[in-house]
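*Asks:* Chain residues, written in single-letter form:
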Amino acid sequence: GENVEQHPSTLSVQEGDSAVIKCTYSDSASNYFPWYKQELGKRPQLIIDIRSNVGEKKDQRIAVTLNKTAKHFSLHITETQPEDSAVYFCAASITDGNNRLAFGKGNQVVVIP
Amino acid sequence: SQTIHQWPATLVQPVGSPLSLECTVEGTSNPNLYWYRQAAGRGLQLLFYSVGIGQISSEVPQNLSASRPQDRQFILSSKKLLLSDSGFYLCAWSVGGFGEKLFFGSGTQLSVL
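As you go down the protein sequences, you meet chains A and B in turn. Each residue of the first sequence is one higher than the one before, starting from 1 at the first, in this note's numbering. Each residue of the second sequence is one higher than the one before, starting from 1001 at the first, in this note's numbering.
Some hints could be false.
As the list claims (entries may be wrong) - Subject to a maximum C-alpha distance of 27 angstroms in a straight line, what follows is the list of computed BS3-like cross-link-like pairs (lysine-lysine):
#	chain 1	residue 1	chain 2	residue 2
1	A	42	A	22
2	A	22	A	105
3	A	58	A	105
4	A	71	A	105
5	B	1101	A	71
6	B	1101	A	58
7	A	22	A	58
8	A	105	A	57
9	B	1101	A	42
10	A	71	A	58
11	A	58	A	68
12	A	22	A	57
13	A	68	A	42
14	B	1101	A	105
15	A	68	A	57
16	A	68	B	1101
17	A	42	A	105
18	A	22	A	71
19	A	57	A	42
20	A	22	B	1080
21	A	57	B	1101
As the list claims (entries may be wrong) - Listing some non-contacts, in silico: residues in chain B with all C-beta distances to chain A over 10 angstroms:
#	residue
22	1007
23	1008
24	1070
25	1100
These are computed hints drawn from the structure, not numbers from a lab. Ideal placement from N, C-alpha and C gives every residue a C-beta, glycine not left out.
Build the full structure now, drawing on both the sequences and the hints.
*Replies:* Here it is, written out as structure tokens:
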């Protein structure tokens, strides 16, 4: 089955700097890769996603890049702000015919003012 | 627009007591429905998912069960709670394939004492 791993588990950045979180996946047939942001005590919310036919996608200060050959994808946050502090989860589609995702264990991002 | 309702927000139950958590979705038809559990400081564990009325798939063997009596209603139950059932329970829905565009409910914090 699909196995998704995230690195690093915790990331601290100075406000205004960039943050990069990397995820690796095991199933080369996976074709959908979303990122979710979860603030403390709240629900995870989809912030950006990418399909396997695209190498990069941007939305304001966040971007996701996908390397299908290496089976990894990354979340890039530029000009970080305190409100970017949260746990970020990556996920990959499970390709066994059932509609679900395999999630990574999450990265805690702390933006230091 | 679509909305998802999950209740209660918090629940404290004694060991051995029953459990019923309910989730309903509005504004969409035939959604894929999911129950996730999040232990403190850990990732998202998929418990159950359903692609239609009366159809339930279980990801892990456990003390819990799920039912889908109506198209947009998903219920998580237990006959006798264990201490290890404590956690943050999240209902979610999607309408795409592969669990795409997953939208989470606000969650239920369950403490089993």
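*Asks:* Against each hint, give a clear statement of whether it holds in the structure.
*Replies:* Hints, verified against the model:
1. 42/A x 22/A: Holds, at about 23 angstroms.
2. 22/A x 105/A: holds, 12 angstroms
3. 58/A x 105/A: Status holds; Cα separation ~23 angstroms.
4. 71/A x 105/A: Holds, because 17 angstroms separates the two Cα atoms, which is no more than 27 angstroms.
5. 1101/B x 71/A: holds, 21 angstroms
6. 1101/B x 58/A: At roughly 17 angstroms apart (the allowed maximum being 27 angstroms), residue 58/A and residue 1101/B satisfy the hint.
7. 22/A x 58/A: Holds, at roughly 16 angstroms.
8. 105/A x 57/A: Measuring from Cα to Cα gives roughly 23 angstroms; hence the hint holds.
9. 1101/B x 42/A: Roughly 18 angstroms separates the two Cα atoms, so the pair holds.
10. 71/A x 58/A: Distance ~19 angstroms between residue 71/A and residue 58/A Cα, so the pair holds.
11. 58/A x 68/A: holds, 18 angstroms
12. 22/A x 57/A: Roughly 15 angstroms between the alpha carbons, so the hint for residue 22/A and residue 57/A holds.
13. 68/A x 42/A: Violated: residue 68/A and residue 42/A sit about 32 angstroms apart, past 27 angstroms.
14. 1101/B x 105/A: With Cα atoms ~19 angstroms apart, residue 1101/B and residue 105/A stay inside 27 angstroms; holds.
15. 68/A x 57/A: Cα-Cα ~14 angstroms, so holds.
16. 68/A x 1101/B: holds, 21 angstroms
17. 42/A x 105/A: OK: residue 42/A and residue 105/A at ~16 angstroms, within 27 angstroms.
18. 22/A x 71/A: holds, 11 angstroms
19. 57/A x 42/A: Holds, at roughly 26 angstroms.
20. 22/A x 1080/B: The hint is violated at about 40 angstroms.
21. 57/A x 1101/B: holds, 16 angstroms
22. 1007: holds, 13 angstroms
23. 1008: Residue 1008/B is indeed farther than 10 angstroms from all Cβ atoms of chain A, at 15 angstroms.
24. 1070: It holds; residue 1070/B is separated from chain A by about 19 angstroms at its closest Cβ, greater than 10 angstroms.
25. 1100: violated, 6 angstroms
Of the numbered hints listed earlier, those contradicted by the structure are 13, 20, 25.
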